[in-house]
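S.K.: Chain by chain, the residues run as shown.
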Amino acid sequence: MIRRTCLSVAGFLVAGSARADWAINMPRGVTELSAETHDLHMQVFYWCCAIAFVVFGAMIWSLIRHRKSRGVEPAKFSHSMTAEVIWTIIPIIILLLMAVPAAETLIKLEDGRKPDLTVVVTGYQWKWHYAYQGEDVAFYSTLARASADARRKNSGIDPFTVDNYLLDVDKPLVVPKGAKVRILLTSNDVIHAWWVPDLAIKKDAVPGFIHETFFRAAEAGVFRGQCAELCGMDHGYMPIVVEVVEPEAYQAWLATEKNTAAELASAN
Amino acid sequence: MGSAVTDAHGHGQAQAIGHGHDEHGPAKGVRRWLYATNHKDIGTMYLVFSCLMFFIGGSMALVIRSELFTPGLQFVAPNVFNQMTTMHALVMVFGAVMPAFVGLANWMIPMMIGAPDMALPRMNNWSFWILPVAFSILLSTLFMPGGAPAGGWTMYPPLVLQTGDAFPFLIFSVHLMGLSSIMGAINVIVTIINMRTAEMSLLKMPMFVWTWLITAYLLIAVMPVLAGAVTMLLTDQFFGTSFFLAAGGGDPVMFQHIFWFFGHPEVYIMILPAFGVVSEIIPTFARKPLFGHDSMVYAASSIAFLSFIVWAHHMFTVGMPLTGQLFFMFATMLIAVPTGVKVFNWTATMWKGAMTFETPMLFSLAFLFLFTIGGFSGLMLAVVSSDIQYHDSYFVVAHFHYVLVPGSIFGIMAAVYYWLPKWTGHMYNERLGQVHFWLSAIFVNVTFFPMHFLGLAGMPRRIPDYSTQFTDFNSIASIGAIGFGISQFLFIYIVVQCVRKQGAKASAAVWENPKGLEWTVPSPAPYHTFNEPPHVTAGAAFS
Amino acid sequence: MAHAANHYYVPHHSHWPVVGSVGLLLLMVGVSTWLNGADPGFWVMLSGFGVLVCMLFGWFGNVISESIDGKFNQQVDMSFRMGMFWFIFSEVMFFSAFFGALFYARNMSVPWLGGSSNNFFTNLLLWTGFENTWPTNGPGDVGGDFIKMEPFGLPLINTAILLSSSVTLTIAHHALQTGHRGFVKLFLATTFILGFIFVFLQAQEYVHAYHEMNLKLTSGIYGSTFFMLTGFHGMHVTIGAIMLTIIWLRVMKGHFAPNSHFAFEATAWYWHFVDVVWLALYVFVYWM
Ligand code: HEA
Ligand code: HEA
Ligand code: CUA
Ligand SMILES: [Cu+2]
Numbered sequence: 076m077i078r079r080t081c082l083s084v085a086g087f088l089v090a091g092s093a094r095a096d097w098a099i100n101m102p103r104g105v106t107e108l109s110a111e112t113h114d115l116h117m118q119v120f121y122w123c124c125a126i127a128f129v130v131f132g133a134m135i136w137s138l139i140r141h142r143k144s145r146g147v148e149p150a151k152f153s154h155s156m157t158a159e160v161i162w163t164i165i166p167i168i169i170l171l172l173m174a175v176p177a178a179e180t181l182i183k184l185e186d187g188r189k190p191d192l193t194v195v196v197t198g199y200q201w202k203w204h205y206a207y208q209g210e211d212v213a214f215y216s217t218l219a220r221a222s223a224d225a226r227r228k229n230s231g232i233d234p235f236t237v238d239n240y241l242l243d244v245d246k247p248l249v250v251p252k253g254a255k256v257r258i259l260l261t262s263n264d265v266i267h268a269w270w271v272p273d274l275a276i277k278k279d280a281v282p283g284f285i286h287e288t289f290f291r292a293a294e295a296g297v298f299r300g301q302c303a304e305l306c307g308m309d310h311g312y313m314p315i316v317v318e319v320v321e322p323e324a325y326q327a328w329l330a331t332e333k334n335t336a337a338e339l340a341s342a343n
Numbered sequence: 147m148g149s150a151v152t153d154a155h156g157h158g159q160a161q162a163i164g165h166g167h168d169e170h171g172p173a174k175g176v177r178r179w180l181y182a183t184n185h186k187d188i189g190t191m192y193l194v195f196s197c198l199m200f201f202i203g204g205s206m207a208l209v210i211r212s213e214l215f216t217p218g219l220q221f222v223a224p225n226v227f228n229q230m231t232t233m234h235a236l237v238m239v240f241g242a243v244m245p246a247f248v249g250l251a252n253w254m255i256p257m258m259i260g261a262p263d264m265a266l267p268r269m270n271n272w273s274f275w276i277l278p279v280a281f282s283i284l285l286s287t288l289f290m291p292g293g294a295p296a297g298g299w300t301m302y303p304p305l306v307l308q309t310g311d312a313f314p315f316l317i318f319s320v321h322l323m324g325l326s327s328i329m330g331a332i333n334v335i336v337t338i339i340n341m342r343t344a345e346m347s348l349l350k351m352p353m354f355v356w357t358w359l360i361t362a363y364l365l366i367a368v369m370p371v372l373a374g375a376v377t378m379l380l381t382d383q384f385f386g387t388s389f390f391l392a393a394g395g396g397d398p399v400m401f402q403h404i405f406w407f408f409g410h411p412e413v414y415i416m417i418l419p420a421f422g423v424v425s426e427i428i429p430t431f432a433r434k435p436l437f438g439h440d441s442m443v444y445a446a447s448s449i450a451f452l453s454f455i456v457w458a459h460h461m462f463t464v465g466m467p468l469t470g471q472l473f474f475m476f477a478t479m480l481i482a483v484p485t486g487v488k489v490f491n492w493t494a495t496m497w498k499g500a501m502t503f504e505t506p507m508l509f510s511l512a513f514l515f516l517f518t519i520g521g522f523s524g525l526m527l528a529v530v531s532s533d534i535q536y537h538d539s540y541f542v543v544a545h546f547h548y549v550l551v552p553g554s555i556f557g558i559m560a561a562v563y564y565w566l567p568k569w570t571g572h573m574y575n576e577r578l579g580q581v582h583f584w585l586s587a588i589f590v591n592v593t594f595f596p597m598h599f600l601g602l603a604g605m606p607r608r609i610p611d612y613s614t615q616f617t618d619f620n621s622i623a624s625i626g627a628i629g630f631g632i633s634q635f636l637f638i639y640i641v642v643q644c645v646r647k648q649g650a651k652a653s654a655a656v657w658e659n660p661k662g663l664e665w666t667v668p669s670p671a672p673y674h675t676f677n678e679p680p681h682v683t684a685g686a687a688f689s
Numbered sequence: 028m029a030h031a032a033n034h035y036y037v038p039h040h041s042h043w044p045v046v047g048s049v050g051l052l053l054l055m056v057g058v059s060t061w062l063n064g065a066d067p068g069f070w071v072m073l074s075g076f077g078v079l080v081c082m083l084f085g086w087f088g089n090v091i092s093e094s095i096d097g098k099f100n101q102q103v104d105m106s107f108r109m110g111m112f113w114f115i116f117s118e119v120m121f122f123s124a125f126f127g128a129l130f131y132a133r134n135m136s137v138p139w140l141g142g143s144s145n146n147f148f149t150n151l152l153l154w155t156g157f158e159n160t161w162p163t164n165g166p167g168d169v170g171g172d173f174i175k176m177e178p179f180g181l182p183l184i185n186t187a188i189l190l191s192s193s194v195t196l197t198i199a200h201h202a203l204q205t206g207h208r209g210f211v212k213l214f215l216a217t218t219f220i221l222g223f224i225f226v227f228l229q230a231q232e233y234v235h236a237y238h239e240m241n242l243k244l245t246s247g248i249y250g251s252t253f254f255m256l257t258g259f260h261g262m263h264v265t266i267g268a269i270m271l272t273i274i275w276l277r278v279m280k281g282h283f284a285p286n287s288h289f290a291f292e293a294t295a296w297y298w299h300f301v302d303v304v305w306l307a308l309y310v311f312v313y314w315m
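Chains C, V and E, in that order, give the protein sequences. Here the first sequence is numbered in the working numbering, starting from 76 and rising by one per residue. Here the second sequence is numbered in the working numbering, starting from 147 and rising by one per residue. Here the third sequence is numbered in the working numbering, starting from 28 and rising by one per residue.
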């Protein structure tokens, strides 16, 4: 395992850039808002790069040019009102340019009106519970068996042999593609947070309160995330898997779930 | 009548300082330290204590980094990992960085403003001696049933209420740290306001003194709030109050608001004195006066003011109403303006100077570059919708280590190299100092830069194990951390060597024509410095 | 005393701070183990408290004798004053944390539990039927039904007591400055007696609340904020009254000069601070 790591470190150093860029940047994700968030992130990042270019450039220039070993005499100036005003005003303008799109995206992120489907998500130490509102479907979602076995201290199982190590669950949340899914988050014990990077959702599950968030996935696929608020011993072991499927497949899935629920009920 | 008064005979001016006050040299043996009232002795104790804590906190960081070297659990159980994370942060923040700055304040502020000592010397001693008590209590929790606190240094309820026997010890050690900081801050304020030599007007004060004055106000304003917050945790746990319990009409998130009302100013408490240090060092080695001294003062004050109205940027995912999120985003972004003013002024100070690159200057330069990078990531975090992706990921860990390690810690190291010759009377080993600098500067980036990528790629913080796609960067970070840790032994070696007077003798000025009263007294600085207020001549102070 | 006028007095060494730290260690370890259920912790806590009291007497004793020896010049006096001022400011901030909790509960968490702002579902799914009211012990009815504390009656009397104690204290202060020591003794005594009466009445109020109103520390957020705020305030009144008593004893012993009486003034500031906090309490906790 250690050898594997060393190899991968070496491999990374040799061919770092060859790896897909998901490894070093925020994913664009599969919702309109996740893409917008990603763009906003890049925009602010580029602003920072530009400022860094100017500021670090000036610093480096003076490090090179204004060194004593070149025999320069130090200048005597020690203040300039004009300069202070300029470098107060320009950052303010830049910040305004950032703040406007940031606020616009934020307002969209908070607009959870008219959902197509609502799921109540409850955090437990250490698993998630999903309840589809208005349908008779509810279940727990816990760390998948393969990961759970491998994660034990000195388990002897190499995590690299486990598919989606620590990011797999026994029963994922299934939602239809293109539907606006409202998530109502709460917790049964301590604070957890429901985070799926590809959906650009992270929201705290606070016991005693319900917080809303939503997403509308434009693509089908399996999207993985993790609990993002320290919630005790197994905080690292309560992943989230969201399976976005075609609407028909979703209806079929829902029907089977309801059947199993009904069978279970009648069996009791 | 006490001997102090009769013996403190008058001397003219600055040149008379420092002659034999042998009759008042330090007491012998352990009493010198236990019963100390001398600001230099107390400063030394603070610095030594802080160094010890840095190593303890650093060892915990190394446990964290070792566990995270590869996926899978190798060394510690998950709950022990969480204890390490929690204790690492508490020890570093309250045990290493804050006491180091108080130590520097003790040593330097009286010398920089021409005061005979700190204003309240006995209380000064107590501020220090509370710390060993606080940290003995805190560190002893590692050995208690249920282990040390593991709920993160932010101590969010309800999780923190699941702490075992360690819980009340955690609360009371935080109380003690607060008590120590408050008394220390009162001392700093009173010293600066009341003990300056007559000719030093407020705006003539050196930047280090200024930034510490502002820091001290922040401390007095927020440490009691932290005390209140943890007191509520205590009563919720043991006396049935409902502050953080929804069923009783409270709210777990209320704790976060109160904590971060303390917590955000706290991060500026950890950086403002470093700003001050850098503002002392850059002019010396650029051989040019600090650019825009007054606007630096206003900038630092604005930062302090703004720091009170941005706290909820740590809570963008807790489900605040939209207006709250917008307000805290805008206020947070605003802090970039005064901080930028500082960065630009430092750059302008170097501009057209005649620079040399001794170790303190090197650390200050690294501070400039790397703190700014940390500031940029801070700005990115301030943007709410992106923060929803960054929050509680390693991107945040990268951000705050950039401002804390090459920020605060480098600031402290720069200060130590800069003033060490003044303290000991001997030069440190410059060549080794530079080696230490380069090792630290390189490894700090190897450690923390990859964490940006990890965070963006979706790795949450505070986890003992991770999915395999995060392996590469974690391994690199761990290697960097070990390298950084080992490099710090060199620092200890250099300092010890200098304290044991193994370097060349230092002149009073130490550096080439530095500004400031501390450079008018001999090196090593005599046990009692300014028994008579010195005159602030044009050459001796900033103007 | 020519020297004292020019030289800032720096004591040589003092063992009191370390004694204080030992006291704190015993106190904190004691109370922690006690809270964890180990009874001997209680005695450790008491011993720590005892050490702290000794430390305070010893430390202040030193300071007083230095002051009587004339070692303090104006500048030292100013340091003490500023120190006291900023100490009181830190106390103000400590109380702000609890006032903050009160405001948060009344303006944020309770309305949210009642479904306001972005918490429609909080109310609908978790706390159906709960309405935003004040006072409240929360949607879980924590601690059971209770009766609200009314602002009139005892609290009003207590307000009057504290306010008049501030007046008597000011009279005593003026008397000290003008050298009427008889008045000082009389009005100072009146002040701390009023202080103790306040504490006594407050205790009565608590007993009444616990026995007849079922209003307890455990009565949800109302009980929590009510008892924590008034409790910490009461503690401060007690400390202040003890300080006043000690000052009075010192006056009886002939301490303090018309132009130099830092300890007197510091205690007076402290007392006024306690008074102001009470006014805020009266308005926000009892009245509004
Ligand atoms: C020394 C400590 C320190 C300092 C100085 C800062 C400085 C800043 N911090 Fe940081 N921060 C922490 C320590 C610090 N922080 C810690 C410890 C945490 C995590 C706590 C935890 O959760 O455990 C944290 C977390 C944190 C968060 C929460 C993230 C999250 O959990 O989701 C945010 C969000 O806004 C933030 C923002 C900022 C900003 C905007 C600054 C600004 O002050 C930075 C300003 C500086 C610059 C911007 C660079 C220089 C400026 C220029 C060159 C001018 C031109 C620039 C522009 C116009 C852009 N910080
Ligand atoms: C000033 C504050 C400060 C400082 C200096 C540091 C320094 C370091 N930190 Fe720290 N860190 C925090 C403040 C700080 N940190 C905070 C606030 C958190 C958040 C906690 C939370 O989530 O609650 C955190 C969390 C944190 C994490 C995330 C943990 C998690 O989320 O689970 C990591 C992971 O890599 C880390 C690493 C490091 C490293 C490698 C260093 C290095 O710079 C350390 C350098 C190492 C040494 C100096 C070691 C020297 C010692 C030896 C070589 C061994 C010899 C030992 C003895 C002689 C006893 N830190
Ligand atoms: Cu659940 Cu972390
Ligand atoms: Cu902050």
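If you're looking for bench data, these hints aren't it; they were derived computationally from the structure. Quick caveat: nothing in here was measured; it's all calculated off a predicted structure. For glycine and all other residues, C-beta sits at the position ideal for the given N, C-alpha and C. Mixed in with the good hints, there may be bad ones.
[As the list claims (entries may be wrong)] Simulated DEER-style distance windows between Cβ atoms: (1) V:L348 to E:R108: 51 to 59 Å; (2) V:P172 to E:L73: 31 to 39 Å; (3) C:A342 to V:G292: 38 to 46 Å; (4) C:V129 to V:L198: 21 to 29 Å; (5) E:L151 to C:R227: 38 to 46 Å; (6) V:L198 to E:R208: 29 to 37 Å; (7) C:L171 to V:Q648: 39 to 47 Å.
[Said to hold, decoys possible] Far from chain C by the CB rule (all over 12 Å, computed), these chain V residues: (8) I519; (9) D538; (10) I632.
S.K.: Decide, hint by hint, whether the structure agrees.
M.R.: Quick rundown of the hints versus the structure:
1. Between L348 of chain V and R108 of chain E, the C-beta spacing of about 19 Å breaks the proposed range 51 to 59 Å.
2. Checked against the hint of 31 to 39 Å, the C-beta distance between P172 of chain V and L73 of chain E comes to roughly 36 Å, which is consistent with it.
3. For A342 of chain C and G292 of chain V, the Cβ-Cβ distance of about 41 Å falls inside the hinted range of 38 to 46 Å, so the restraint holds.
4. Here the CB-CB span from V129 of chain C to L198 of chain V is close to 42 Å, at odds with the stated 21 to 29 Å.
5. Against the hinted window of 38 to 46 Å, the Cβ-Cβ separation of L151 of chain E and R227 of chain C comes to about 41 Å, which satisfies the hint.
6. In this structure the supplied range 29 to 37 Å is violated for L198 of chain V paired with R208 of chain E, their Cβ-Cβ distance being about 53 Å.
7. Here the CB-CB span from L171 of chain C to Q648 of chain V is close to 56 Å, at odds with the stated 39 to 47 Å.
8. A beta-carbon of chain C is positioned within 12 Å of the beta-carbon of I519 of chain V; the least distance is around 7 Å.
9. The Cβ of D538 of chain V sits about 4 Å from the closest Cβ of chain C, inside the 12 Å cut-off, so the non-interface label is violated.
10. Distance check on I632 of chain V: its Cβ is at least 19 Å (rounded) from any Cβ of chain C, clearing the 12 Å threshold; non-interface status holds.
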